[in-house]
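There are 6 protein chains.
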Amino acid sequence: MWYYEKKLQYPVRVTECNPRLAKYLIEQYGGADGELSAALRYLNQRYTIPDKVVGLLNDIGTEEFAHLEMIATMIYKLTKDATPEQMEKAGLAAHYVNHDSALYYQNAAGAPWTASYIQAKGDPIADIYEDIAAEEKARATYQWIINVSDDPQLNDSLKFLREREIVHSQRFREAAQILIDEKDKKHFF
Amino acid sequence: MWYYEKKLQYPVRVTECNPRLAKYLIEQYGGADGELSAALRYLNQRYTIPDKVVGLLNDIGTEEFAHLEMIATMIYKLTKDATPEQMEKAGLAAHYVNHDSALYYQNAAGAPWTASYIQAKGDPIADIYEDIAAEEKARATYQWIINVSDDPQLNDSLKFLREREIVHSQRFREAAQILIDEKDKKHFF
Amino acid sequence: MWYYEKKLQYPVRVTECNPRLAKYLIEQYGGADGELSAALRYLNQRYTIPDKVVGLLNDIGTEEFAHLEMIATMIYKLTKDATPEQMEKAGLAAHYVNHDSALYYQNAAGAPWTASYIQAKGDPIADIYEDIAAEEKARATYQWIINVSDDPQLNDSLKFLREREIVHSQRFREAAQILIDEKDKKHFF
Amino acid sequence: MWYYEKKLQYPVRVTECNPRLAKYLIEQYGGADGELSAALRYLNQRYTIPDKVVGLLNDIGTEEFAHLEMIATMIYKLTKDATPEQMEKAGLAAHYVNHDSALYYQNAAGAPWTASYIQAKGDPIADIYEDIAAEEKARATYQWIINVSDDPQLNDSLKFLREREIVHSQRFREAAQILIDEKDKKHFF
Amino acid sequence: MWYYEKKLQYPVRVTECNPRLAKYLIEQYGGADGELSAALRYLNQRYTIPDKVVGLLNDIGTEEFAHLEMIATMIYKLTKDATPEQMEKAGLAAHYVNHDSALYYQNAAGAPWTASYIQAKGDPIADIYEDIAAEEKARATYQWIINVSDDPQLNDSLKFLREREIVHSQRFREAAQILIDEKDKKHFF
Amino acid sequence: MWYYEKKLQYPVRVTECNPRLAKYLIEQYGGADGELSAALRYLNQRYTIPDKVVGLLNDIGTEEFAHLEMIATMIYKLTKDATPEQMEKAGLAAHYVNHDSALYYQNAAGAPWTASYIQAKGDPIADIYEDIAAEEKARATYQWIINVSDDPQLNDSLKFLREREIVHSQRFREAAQILIDEKDKKHFF
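Chains as they are written, first to last, in my numbering: chain A, 1 to 189; chain B, 1 to 189; chain C, 1 to 189; chain D, 1 to 189; chain E, 1 to 189; chain F, 1 to 189.
One chain only, chain A, in its complex shape (with noise of 0.2 Å):
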C-alpha cells in the first residue's frame, strides 16, 4: 500500500496563467504514452513478472504516479486563473463546457484515457519490452511538449520528467538482459 506525502517529487513552477500550454501537456496526463499508462502498466505488471524484476516495476510505477501528480500540478497552476474566454482562445473550450478547469484523463485530442493503450501478456520479455518501449514512446511525448512550449521554467521541471523516462529506459534494459541471463524457462521459448 501507499502513504501519501504532501511535497512533489520535484518543484513544478510556470511562469504565467498559459492555458495553450494546458492543453498540449494534459497529453502527458492522460494520453496513450502519459504519465497514467506508465504507472498503471508497471504496477499491474508486478504479478506475474519473475521475482528479479518485481521491484523495479514497483518502484518506477510508484514513481510514475509521482509524475503524474506533477503534470496534474502544471496543468492546474497553468488553468486555474483561466477565464472562459481564454480557455476557449488556447483551444479548451470543449473542456471547459464538460470539465470547467477540472483536470480529466484523457489526451490533447479530447480521447478519454482506455486501458487498450497498455498490455500485460504473462510473458516476462515481452512485458519488459512493452515497457522499454513505453518509456521511449513518453520521452518522445515530452520532446514534442517541449518544442511547443513558451514557459522556461515549466521546461525545467519537463526536461527533468524526459531525463527520468531515459533512466528508466536504461532500467528495463537491463532488466530484459536480467530476464535473458536468468533462462527463466518457464515462459521461453
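Take these hints with a grain of salt, some might be off.
A pair counts as met if it fits within one copy or between any two copies, since identical chains are not told apart.
Once the Cα atoms are required to be at most 27 Å apart in a straight line, the calculated DSS-like pairs of lysine-lysine come out as [unchecked claim]:
# : residue 1 : residue 2
1 : LYS159    : LYS6
2 : LYS159    : LYS80
3 : LYS52     : LYS7
4 : LYS7      : LYS80
5 : LYS77     : LYS52
Honestly, the hints are just simulated from the structure, not real lab data.
Following the hints, complete the assembly by docking chains B, C, D, E and F onto the known chain A.
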C-alpha cells in the same frame, strides 16, 4: 507523492485456486465501478474541489489504491496455479490467450477500462455527488460478487472492502453538507 | 410506447447563425452528461427499480428526450446556414468533413457517445444516486455553456433546461428518501 | 416531443425464466444493429434530410423506441426470477456482478453501445442507404436470435419485429427513389 | 496474399506544405467512412459472402488499400515540412504532441479508428447493403473535403478517388442484384 | 500499391470443425497484438521512419497482411460447418447472434479492434521499440493459443507464424542498431 510499503491494507486469504471467482473479481479491478475508477476519480478531482474537501479526496483516493492492490492480490492468488484448462473451464480462456494469467484493467466481460466511466465537472456539488454515487455503486458490486463467491476466506476481505465503501459514502455525504454550508458561491447556482 | 407530437417542450429561438455556439452545445447532445445520457439512463433503469419510483424514471426519461430534441433544434438552427468556411472558423471543420452539418451524438471534443457514461446496478440506492449525480452534472454543463454563450435568446432556453435539471435532482432526492423509508430490504445492506 | 402511453406496440410473452435467451436478445437492445442504434440513427438524421423524408424518419425512429421497449420487456421477463446461479449458468455472471439483473445498453459479448455504430453524413443518398443497410442488418440479427431461441412465445414477438424491419427497409428504398427523383441537387454529385 | 509494388494507383501531387488540409484529409485515412474502413470491411466479408461476389470484394478491398496509401502519401506531403508552429496554427498541435508528424489511424477530430465502424453479418444482402452505404458515405466525405480544400492539384487526386467510390457503389448494386437473382435461399427470408 | 495473388503464404489445414479453437484464434485476427495490429502499425510508420528502415517496415507490414489472411482462413475453416448449437457450445453464441459465422475484427473476449492498440511517435527509436515489443507480444499470443489448441495440423501453421514473429523481432532489433549507428540526430536526444 506516494511512498510504497510492502504490506496490504487488510489481509487477503484465498482458500484455493479458483479462477471462476477471479473472473468475477476482475470487475472490481478494471470495471466501471471498481477500485481503479475510484482511486483515479478522487485524486483527479483534488485540484478544483474547495479546500475543505481536498484532504478527504486525497485520503480516500490513496486508500482506493490500497484496495486496488488487495483486489489484484486476490485475483493473482486465485489464478496463479491454474492450468490453461482450468482457466478455460472458468470462462477465462479469452483472457488467457491475450494475457496468460497476468492481470489487466478490464471488467468481467472483458471490456477495457475507460476514463469515460468517471467524471470531473469542476462544480463541487456535482463532483461530490459523483463520488457518493460511485461509492454506492462500488458497494453494490461487492455485494453481487459476494453473492456468487464460494470462498469464505475471500469473502472476509470482500466484506471489509464493502464496509469501507459504506464509510466513504458517509464521508462524502458529510462533505456535501460542508460544501452546502460553506455557501462557496463560486460554482453554486 | 411513445407518441410524437410535432412541438417542442419549450420554444427554441436563436439570434443568428452561430456555429461557434453549436460546437459547445453539442456537449449536451452527445456528451457524458448530456440529454441522451439522461434519457437512456432513466428509461433503462425502469425495469429493476422498485415500483414506487418507476413512474418518476419514466416521466423524467421521457422529458429528457424532449430536451434532446430541443438541443438538436438549437444546434440545427445555429449551423444550418453556415458555410464550410464559417464551420471551419468555429472549430467545426472536423465535424464538417465527417458529417456536413448533420447532427451526431458526440461531445464537444468529438468523442462519440458511449454507454460507458451511464450505469444501472440493480441496487435502488446506487441507481438513484447515479441519477442525482447525473442531474447535478447536467446542471453544471448547462452553466458552463451559458458562460460561453453570446446569444441571449438561446440562453433563455438553456436556463429553462438548467432549471429542469435542478427540479429533477430534487425529485430524485425525494425518491432516495422514499426508497430508504420503504426499507425495501431486497437490495439494501 | 413524445408522450408515453403504458402499453407495448405488440404483446410480449415469454414461456419461462430463460436467462440464456436474454443473453442473446441483449444484442438487439444495445448491439451494433439493435433497436437503440435504429431509433437514435433515424431521429438524429431528421434535421438535415430533405423535407419529403423527414416524416418517415420521424415515424420509424419513434417506432424503433417502441421496439426497444419490447426488447427490454423481453429481457426483463426472461431474467427477473433468475438466481445468481442461473445467471452464471446462462453465461451472464459477468453481467450480474456489474448490473445484477438490471438492463444495460451493450451487445451480447458485453461491449457497451457506442455512437460509432451509426452515421449521419448530411448527404441524403448516403444517409438513406445507411438506413436501408441498418434495416437489413437488424433483420439478420433477428434471424440469428430466432435460430438460437427455444421459446416459441417469444419467437412470435421476434418474428413481428423482424417483419417490421423488412417493412422499414422497403420504406427506405422508396425514400431513396423519391430522393433520386426529386433531383435535390444540393448534395448530389 | 499481396505483393507490393512501389507505385501509387494514381499520382498524388500537392501544391505546397498545407497542414490545415492534412487535418481534414485524415478523415479519409482513419475516419468512420475512410479508406481503412473500406479495405478492412470488404476483405473481412470475403469469407462468408456467396462465391459469385467474393472476387468483387477481393478486388475492391485490395484497391481500397491502394487508396489508403494515396491518402497517406497526401497527408505526408502536406505535413512533412511543417514546423511545430505551422502544425499548431493548422489545429494539429494535439496531433503533434502525440505523434510528431507521423500518421495515425484517427478521424479529423482525433478519435482513433475502431472496428465498430464496420460490420459483417453473414447475411449476403445485409453485407452488400452495408457496402453500398459505405461507398455512398465515402463519396460524401470526399465531397466535404474537396469543399474545404484550397489545393487544386490535390483536388485532382481527390476527385479521382471520389469517382472510384461511385464506381464501387455501382458495382455493389449490381452484386446486390446478382445475389437476389441467385435466390441463394440459405440466408434469405 | 498491392497486387493480390490467390494463395496463402503458408498452407493452412484444420483437422475438423472446431469453433472452440476459432474463438481463441480470433485474438490474432482482431486482438491487441494480432496480425491486424501488426500490419497496420508498420505500414503506417513507413512515412516518417528514416529511409534505411522504410523497406523493412514495408516488407514486414505486407507479410503481416498475409498472416492476417492465414488467420482468417483458419477461423473460417474451423467454423464454416458449425451449427448454431455448436457455436453456442464453443462460447461463440454472442458472436453468432451478431455476425453469424462471418469474421470480425475483435479479440477473443469480443472487444472490437481499436487503433489505440498501436502507436506512431515520429521518433525512430520509439517507433522501432514499439515494433520490437509488438513482435514479442504477438509471439506470446501465439504461444498461449498453441497451449490451448487441440489441433496438431493447425498448430503446424501457428508455429510457422510464431517463428515469423521471432524473425521479425530480430530484424527490428537490427534496425534499432542501424538507427543508433546512423546517429540520425534529427529526433535523438
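Here is what the structure says about each hint:
For the homomeric pair LYS159 and LYS6, the shortest alpha-carbon distance inside one copy (22 Å) is at most 27 Å, but the shortest distance between copies (31 Å) is not. In this homomeric assembly, LYS159 and LYS80 come within 27 Å of each other (Cα to Cα) both inside a single copy, at 23 Å, and across copies, at 26 Å. Proximity of LYS52 and LYS7 under a CA criterion of 27 Å is satisfied inter-copy only: 18 Å between copies versus 30 Å inside one chain copy. In this assembly of identical chains, LYS7 and LYS80 lie within 27 Å of each other by CA distance solely inside one copy; the values are 19 Å within and 37 Å between copies.
For a Cα distance limit of 27 Å, the shortest separation of LYS77 from LYS52 across copies, 19 Å, qualifies, whereas the shortest one inside one copy, 40 Å, does not.
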